[in-house]
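Engineer: Chains as they are written, first to last, in this note's numbering: chain A, 1 to 264; chain B, 1 to 264.
Hints may contain errors.
Which copy is meant is left open, because identical chains are indistinguishable; a pair holds if it fits in one copy or across any two.
To be verified - DSS-like, lysine-lysine: derived pairs with alpha carbons at most 30 Å apart:
1) Lys250 / Lys186
2) Lys250 / Lys32
3) Lys186 / Lys133
4) Lys32 / Lys13
5) Lys129 / Lys250
6) Lys186 / Lys94
7) Lys129 / Lys53
Hints in this document: simulated from the structure, not taken from any laboratory.
Protein chains: 2
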Amino acid sequence: MILIGERINGMFKDIREAILNRDPEPIRYWAKRQFERCAAFLDINTGPTVDAKDQPAVMEWLVKIAQETVDLPCCLDSTNPEAIEAGLAVHKGKALINSTTADQWKMDIYLPMAAKYGAAVIGLAMNEKGVPKSAADRAALAMEIVVNADANGIPMEDLYIDPLVLPCNVGQEHGPEVLEALRQIKMLADPPPKTTMGLSNVSQRCADRHLLNRTFLVMSMAAGLDSAIVDLDDDALLDAVAAANILLNKDIYCDSFTKTFRQR
Amino acid sequence: MILIGERINGMFKDIREAILNRDPEPIRYWAKRQFERCAAFLDINTGPTVDAKDQPAVMEWLVKIAQETVDLPCCLDSTNPEAIEAGLAVHKGKALINSTTADQWKMDIYLPMAAKYGAAVIGLAMNEKGVPKSAADRAALAMEIVVNADANGIPMEDLYIDPLVLPCNVGQEHGPEVLEALRQIKMLADPPPKTTMGLSNVSQRCADRHLLNRTFLVMSMAAGLDSAIVDLDDDALLDAVAAANILLNKDIYCDSFTKTFRQR
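Could you build the full structure based on these sequences and the hints that come with them?
Structural biologist: Now the structure itself:
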């Protein structure tokens, strides 16, 4: 399971203030903390309060601080292509672009950019009409991204399709559709694309958020989820992933399987 | 989710002693306790220490005590057909026979018995050769049970197929096969048979049993599990089921969804 740490995001107060004051310490703290808690990538998002014109410089600064602190690739998370490219230009190793949609004009920006920088890329199963209701419509949009990625020479192992989960208190009917979409996406190509999701979205403004998050995560893993953007500070979530890895026969059982998982 | 309480089983020391002393109190305690914790059925098993010749009388006694205490049907759990029939003879409401295998001689005993008493029946996806390794071989045995149940006039809603999960420390490769088998079993007939499993078996002699149990349970629910024989004293398990019901869109979200689930 490829875990992407969600915490370096300007929507969190400490990161927002760190960006405002150009204070690297909170960035370093969360880079190190998430590295120690199984992160394979660090999501980097300037957050909603940074002006569009400043986003490239802030993204560059965040990526540099994070990669000076720990030896991890970043998941460059922005709706601003200039910010993504500024991050790619200074990034060491294989970055993950977060994200393109299935809109042709966006794929025409981000997929050549991924190819140019040798980056992986997240493709959201949505377009300008919004998020589809059914699994089949999500898979259809995923297929458009698969075809365009292939045309840009991006190998399927570098494409992460996100079927897009909605908060279960407002879009409850989407839950089973997302699980079915995960299964269908794995049949779109051989080898198949990877899959990912922004997990915390499933529990936005819900009670018992941690319970909902880890429950949906392990159900999604059983349906073929390879990766997720998650709250790595959630102990019970890491234990649930460790257990799911054992039960899905992806890690070899040992009595200390939860501890072993965290030490990896 | 149809939860079957596992606790009235002679393999537990207090129940074994209650049977030896014909003391109804522990039986009453666990009948009431499991009733209060979401049980839809009470599993009733005389346990391995009762002589075969005494099993019918013990089963009859246990069923009577349980049903005098709470208004719940029983899941009559024995490898002894005479014990099952003794339970059926005194049972009020629709009992659940636990279980037949896919061996023809066993189906020829239990399926007519289920039809005679109007009982539901659990069919294990195994035969005299043991438990199959693959999902497809499990589904093939399930299909034999489906056909035989249908020939005996048992409606699919009264047939519970158990794909048989093994302890993940010794049969780890069975985990994903069981999940796939659950999906395949739901395609064997229209309407499909129900599915069930003896959940605690997945974690026999493992560390972190509760974690493994609830993780496998919610993954199985996402794959189509309708029912399970479980430890209803496990709070985290009940919360996980409540969360999975929300996320699979089987219960309507409310902020008190865990509490609401338990009060049902």
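Engineer: Now look at each hint and say whether the structure bears it out.
Structural biologist: Here is what the structure says about each hint:
Both within a single protomer and between protomers do Lys250 and Lys186 lie at most 30 Å apart by alpha-carbon distance, with minima of 17 Å and 25 Å respectively. For a Cα distance limit of 30 Å, the shortest separation of Lys250 from Lys32 inside one copy, 26 Å, qualifies, whereas the shortest one across copies, 40 Å, does not. In this assembly of identical chains, Lys186 and Lys133 lie within 30 Å of each other by CA distance both inside one copy and across copies; the values are 19 Å within and 23 Å between. In this assembly of identical chains, the alpha carbons of Lys32 and Lys13 lie at most 30 Å apart only when taken from the same copy (18 Å versus 49 Å across copies).
For the homomeric pair Lys129 and Lys250, the shortest alpha-carbon distance between copies (27 Å) is at most 30 Å, but the shortest distance inside one copy (37 Å) is not. For the identical chains of this complex, Lys186 and Lys94 are intra-copy neighbours only, at 23 Å inside a copy versus 42 Å across copies, given an alpha-carbon limit of 30 Å. For the homomeric pair Lys129 and Lys53, the shortest alpha-carbon distance inside one copy (27 Å) is at most 30 Å, but the shortest distance between copies (69 Å) is not.
In this structure, none of the earlier numbered hints is contradicted; all agree with it.
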